[in-house]
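**Student:** Sequence order for the protein chains is A and B. In terms of our numbering, the first sequence has 454 at position 454, counting the first letter as 1, and numbering is strictly consecutive. In terms of our numbering, the second sequence has 99 at position 99, counting the first letter as 1, and numbering is strictly consecutive.
Calculated directly from the structure, the hints in this document are not laboratory data. Keep in mind that a hint or two might mislead.
Which copy? The list can't say, so a pair holds if one copy fits it or any two copies do.
What the hints assert, rightly or not - In silico DSS-like links for lysine-lysine, alpha-carbon gap of 30 Å or less: (1) LYS442 x LYS375; (2) LYS321 x LYS8; (3) LYS41 x LYS88; (4) LYS432 x LYS466; (5) LYS321 x LYS207; (6) LYS8 x LYS455; (7) LYS207 x LYS449; (8) LYS8 x LYS107; (9) LYS314 x LYS466.
None of the values given here were measured: they were computed from a predicted structure.
Protein chains: 2
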Amino acid sequence: MINSETIKQILEHYRVVWALGHAGSVMGWDSETYMPEEGIKGRAVARAEIAQLIQRFMLDEKFVKLIEKAEEERDLTDVERGIIRVLKRDLRFYQRVPPEVVRELAKVTSEAFVAWRGAKEKARFDLFVPYLERIVELTRVVAEKLGYEEHPYDALLDLYEEGLTSRDVEAVFSVLEPGVKSLLYKLESRGWPRRHPLEDVPYDKAKVEAAVMEVLEFVGYPKARFRVDVSPHPFTVGIATPFDVRITVRYRGVDFREPLFSALHEYGHALYELNIDESLAMTPVGSGVSLGIHESQSRFMENVVGRSREFAAKISPNLRKHLDFLAKYADDDLFYYFNVVRPSLIRTEADEVTYNLHILLRYRLERLMVTGEVKISQLPELWNNEMDRLLGVRPRNDAEGVLQDIHWAHGSIGYFPTYTLGNVVAAMIYYKHGKIRELVAKGNLASVKEYLREKIHRWGSVYPPKELLSRGFGEAYNAEYLVKYLDEKYR
Amino acid sequence: MINSETIKQILEHYRVVWALGHAGSVMGWDSETYMPEEGIKGRAVARAEIAQLIQRFMLDEKFVKLIEKAEEERDLTDVERGIIRVLKRDLRFYQRVPPEVVRELAKVTSEAFVAWRGAKEKARFDLFVPYLERIVELTRVVAEKLGYEEHPYDALLDLYEEGLTSRDVEAVFSVLEPGVKSLLYKLESRGWPRRHPLEDVPYDKAKVEAAVMEVLEFVGYPKARFRVDVSPHPFTVGIATPFDVRITVRYRGVDFREPLFSALHEYGHALYELNIDESLAMTPVGSGVSLGIHESQSRFMENVVGRSREFAAKISPNLRKHLDFLAKYADDDLFYYFNVVRPSLIRTEADEVTYNLHILLRYRLERLMVTGEVKISQLPELWNNEMDRLLGVRPRNDAEGVLQDIHWAHGSIGYFPTYTLGNVVAAMIYYKHGKIRELVAKGNLASVKEYLREKIHRWGSVYPPKELLSRGFGEAYNAEYLVKYLDEKYR
Chain A
1 MINSETIKQI
11 LEHYRVVWAL
21 GHAGSVMGWD
31 SETYMPEEGI
41 KGRAVARAEI
51 AQLIQRFMLD
61 EKFVKLIEKA
71 EEERDLTDVE
81 RGIIRVLKRD
91 LRFYQRVPPE
101 VVRELAKVTS
111 EAFVAWRGAK
121 EKARFDLFVP
131 YLERIVELTR
141 VVAEKLGYEE
151 HPYDALLDLY
161 EEGLTSRDVE
171 AVFSVLEPGV
181 KSLLYKLESR
191 GWPRRHPLED
201 VPYDKAKVEA
211 AVMEVLEFVG
221 YPKARFRVDV
231 SPHPFTVGIA
241 TPFDVRITVR
251 YRGVDFREPL
261 FSALHEYGHA
271 LYELNIDESL
281 AMTPVGSGVS
291 LGIHESQSRF
301 MENVVGRSRE
311 FAAKISPNLR
321 KHLDFLAKYA
331 DDDLFYYFNV
341 VRPSLIRTEA
351 DEVTYNLHIL
361 LRYRLERLMV
371 TGEVKISQLP
381 ELWNNEMDRL
391 LGVRPRNDAE
401 GVLQDIHWAH
411 GSIGYFPTYT
421 LGNVVAAMIY
431 YKHGKIRELV
441 AKGNLASVKE
451 YLREKIHRWG
461 SVYPPKELLS
471 RGFGEAYNAE
481 YLVKYLDEKY
491 R
Chain B
1 MINSETIKQI
11 LEHYRVVWAL
21 GHAGSVMGWD
31 SETYMPEEGI
41 KGRAVARAEI
51 AQLIQRFMLD
61 EKFVKLIEKA
71 EEERDLTDVE
81 RGIIRVLKRD
91 LRFYQRVPPE
101 VVRELAKVTS
111 EAFVAWRGAK
121 EKARFDLFVP
131 YLERIVELTR
141 VVAEKLGYEE
151 HPYDALLDLY
161 EEGLTSRDVE
171 AVFSVLEPGV
181 KSLLYKLESR
191 GWPRRHPLED
201 VPYDKAKVEA
211 AVMEVLEFVG
221 YPKARFRVDV
231 SPHPFTVGIA
241 TPFDVRITVR
251 YRGVDFREPL
261 FSALHEYGHA
271 LYELNIDESL
281 AMTPVGSGVS
291 LGIHESQSRF
301 MENVVGRSRE
311 FAAKISPNLR
321 KHLDFLAKYA
331 DDDLFYYFNV
341 VRPSLIRTEA
351 DEVTYNLHIL
361 LRYRLERLMV
371 TGEVKISQLP
381 ELWNNEMDRL
391 LGVRPRNDAE
401 GVLQDIHWAH
411 GSIGYFPTYT
421 LGNVVAAMIY
431 YKHGKIRELV
441 AKGNLASVKE
451 YLREKIHRWG
461 SVYPPKELLS
471 RGFGEAYNAE
481 YLVKYLDEKY
491 R
């Protein structure tokens with residue numbers, strides 16, 4: 001797939017960048033799983049050095065010239081064009097955003113993380129305000145340096161989802177907000193469900209772990225390329241995509257939905273990386289193309305497949321084998337337990353129906369923050385009012401309100417919308433295929449996975465997100481499918 | 001401890017070398033413990049790239065000039081002199097040995113490893129001959145390029161043990177060979193012991209693991225800086241000395257001495273790294289100074305402490321708690337089981353008494369190989385004759401003879417003598433302290449460890465091996481102590 005001599009030279013040079021990225025991934029995985037506590041003292045220094053090296057090799061003059069040269073070549077293959085596109089995106093950031101801004105952001109966010117943790121523990125947003133103010137200020141500089149056509153927020157959206165604009169997000173929410181609200185109105189009229197008894201059943205961690213591993217075996221993974229560990233916050237990492245992809249799960253000891261569905265979620269991410277064409281390995285297009293597309297894969301496995309009635313019935317024997325307390329529940333009880341809908345305060349615990357309203361709230365606040373239309377100190381009140389308006393619930397304190405997510409402390413502003421894009425695309429795939437639940441009912445997960453592989457996974461980052469979706473499905477972020485999916489499932 | 005501005009600049013530049021080394025260590029550890037099988041496809045590329053980067057940064061012209069400049073400065077502290085000494089040693093290798101020789105060696109040894117594994121499985125040395133011939137040829141080039149005063153083998157010894165010469169090794173064996181032989185003659189006259197029944201008792205891996213962890217807790221380790229995992233070949237790695245040091249153990253399921261003493265062995269290595277002064281962290285003198293000194297620490301814990309009658313009595317309750325099959329054995333039975341002496345064919349399974357004769361054999365053959373006085377194809381016969389002469393046993397095939405060790409396939413020629421140095425120094429420490437076994441009997445491991453910390457550990461690589469020993473004990477590699485130790489224990 002690589003014909004151009006220039007591109008061959010680019011890949012030659014890129015190998016060291018890939019190697020450093022690989023080292024960073026291994027270190028990141030290790031930090032969250034097995035590293036002894038004090039190991040951080042060396043690890044932090046090493047990761048900072050490695051990050052600087054990557055930047056240095058990316059900005060190497062010879063390398064930049066090769067990319068510019070390749071850009072002017074004719075008859076490039078899709079893969080070759082993808083390589084140039086992705087490298088230019090990375091370069092653009094390094095070239096446009098001054099290194100001192102990047103360093104300052106790194107410094108502030110590492111302090112902000114500690115401040116945020118403390119502020120959340122004490123439920124006191126005021127302790128976090130000066131840090132968030134500085135982060136927003138610097139983020140605004142980043143947006144200005146990167147440039148945008150209509151709104152500074154667009155520059156940030158594009159960082160997380162190539163080509164995404166506020167217009168796209170508005171289009172999505174203009175369909176999603178009324179659709180979901182109408183559904184919630186209907187559900188509320190029937191009365192919100194009581195707590196399902198299984199939500200409070202404590203479990204034996206080893207038993208749930210055994211059950212989760214059996215479920216993962218049922219959906220199927222390549223043993224020689226995949227592993228599952230335990231960490232405080234579940235994640236997926238392509239250590240060396242597609243040869244070594246790992247996920248983590250957390251077992252808290254109560255409400256076994258959490259590890260089950262977070263494992264399926266991460267498995268969806270992992271499957272994307274595992275199915276990328278081997279010929280793209282170690283190249284700039286050798287991993288998933290964007291956060292939104294990645295999230296579509298995790299949400300598809302977690303929700304469209306995992307929370308379907310058919311899947312519940314299919315994995316019920318695996319669960320029952322290990323979890324004695326399920327004896328008094330029918331398979332349909334399991335299905336209801338997996339799909340309790342109820343307005344709640346915490347995004348990460350939200351159900352499929354209410355989830356995107358949590359994102360809508362964050363999206364609106366982020367836009368106001370970035371333009372300076374709202375003072376940071378006003379955020380809690382705005383947050384609480386908006387929660388009330390969107391979901392009819394009101395946080396009792398900042399810990400369960402504006403302080404709940406880590407993203408802003410990390411400096412990730414413009415990231416949240418990709419979660420909703422994931423849900424939108426997952427529903428789109430469901431209808432475009434048309435027979436997902438039939439296949440699940442037959443236990444034919446292989447066909448489902450093959451469809452995803454062909455439409456999404458194998459291409460890595462060869463095509464930008466919207467083009468990838470248009471090629472596979474004839475359209476990009478159409479939220480009608482998600483409204484339809486939720487209506488059919490819950491109304 | 002760092003006053004010189006030049007040295008400060010050197011350390012500044014060195015940080016990236018340290019970071020890359022750290023990345024290499026994490027990758028190495030991961031490869032042996034948790035990496036999924038196919039991960040090697042990316043890992044091999046990444047490790048090669050990282051190794052090349054380290055070489056590139058070490059040879060950076062500005063860096064080399066700084067080192068040369070620092071060398072001429074006056075009033076340097078010991079730490080500063082140590083930093084220059086260690087960096088110059090590393091540089092010397094890169095500067096004198098042509099990169100194409102290093103690359104060729106890397107290529108040949110990676111093929112040789114596969115060939116050796118196959119040859120060993122089939123017990124056919126002839127399949128390995130062409131690879132070993134090429135390795136010896138290239139190693140001879142390395143020795144010539146590095147330079148030496150008396151014998152090319154000295155250049156190789158120095159690679160593994162700074163400052164070590166054939167004269168040192170001859171001096172050690174001139175004491176050790178007659179001493180050990182005389183002891184063996186005495187022991188043989190009493191008749192070699194039968195197989196101890198415990199040598200063949202199968203065990204439950206989880207139970208032995210629990211017992212081993214209790215023994216490690218008894219000797220004491222810092223939980224926030226240390227961890228134990230499982231791997232096919234036990235090893236120790238200073239991931240970020242002294243903040244993150246890890247060991248591995250293997251559980252084969254029969255003869256529980258093996259995991260117990262290999263854990264104590266690796267623990268001895270780990271303790272060295274854990275006790276290095278924090279101020280040396282991330283500098284060129286921030287890890288153990290040499291293989292021989294390192295091995296002295298592992299052998300001290302494994303043999304001097306671990307195989308003592310006092311230690312057996314002390315850990316007996318921990319072992320009995322988990323291993324029911326010990327009920328019919330007294331503590332003294334345990335002690336004898338831990339110290340069975342019997343001439344045998346395999347170095348890694350040899351007891352304290354016969355072990356160094358296995359090394360003597362390898363040392364003699366290596367010298368002949370390096371000078372070309374012996375053809376590679378003649379090695380099996382020489383090996384078998386020498387085994388017969390030294391230990392009175394004769395391999396039935398090459399797998400249990402000349403093919404048993406991986407070292408030559410790795411290109412490690414000149415490495416073996418450091419094992420004997422370790423034993424020699426461990427015994428020396430035992431007598432210099434004088435009350436080790438009394439402290440063990442009292443369970444006062446803290447005092448033992450503090451002595452090692454003060455005499456050896458804390459200094460990292462600040463002093464070269466012989467100077468470190470002279471400072472601590474008034475002499476270096478005196479084998480009389482080892483002969484005395486073996487005599488007192490076994491005669």
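**Student:** Are the hints correct? Go through all of them and say.
**Tutor:** Evaluation of the provided hints:
For a Cα distance limit of 30 Å, the shortest separation of LYS442 from LYS375 qualifies neither inside one copy, at 54 Å, nor across copies, at 66 Å. Taking the shortest alpha-carbon separations for LYS321 and LYS8, neither the intra-copy value of 53 Å nor the inter-copy value of 62 Å comes in at or below 30 Å. Taking identical chains as interchangeable, the C-alpha atoms of LYS41 and LYS88 lie at most 30 Å apart only when they sit on different chains, with a minimum of 27 Å there against 34 Å within one chain. With identical chains, the CA atoms of LYS432 and LYS466 are at most 30 Å apart within one copy only, with a shortest distance of 16 Å there and 74 Å across copies.
For a Cα distance limit of 30 Å, the shortest separation of LYS321 from LYS207 qualifies both inside one copy, at 9 Å, and across copies, at 26 Å. Proximity of LYS8 to LYS455 under the C-alpha cut-off of 30 Å is restricted to the intra-copy arrangement: shortest distance 27 Å within a copy versus 55 Å between copies. Taking the closest pair of Cα atoms, LYS207 and LYS449 come within 30 Å of each other only inside a single copy of the chain (27 Å); across copies the shortest separation is 41 Å, beyond that limit. Within a single copy, LYS8 and LYS107 get their C-alpha atoms only as close as 37 Å, which misses the 30 Å cut-off; across copies the closest is 23 Å, which meets it.
Taking CA atoms no more than 30 Å apart as the test, LYS314 paired with LYS466 passes in neither setting, with 34 Å inside one copy and 68 Å between copies.
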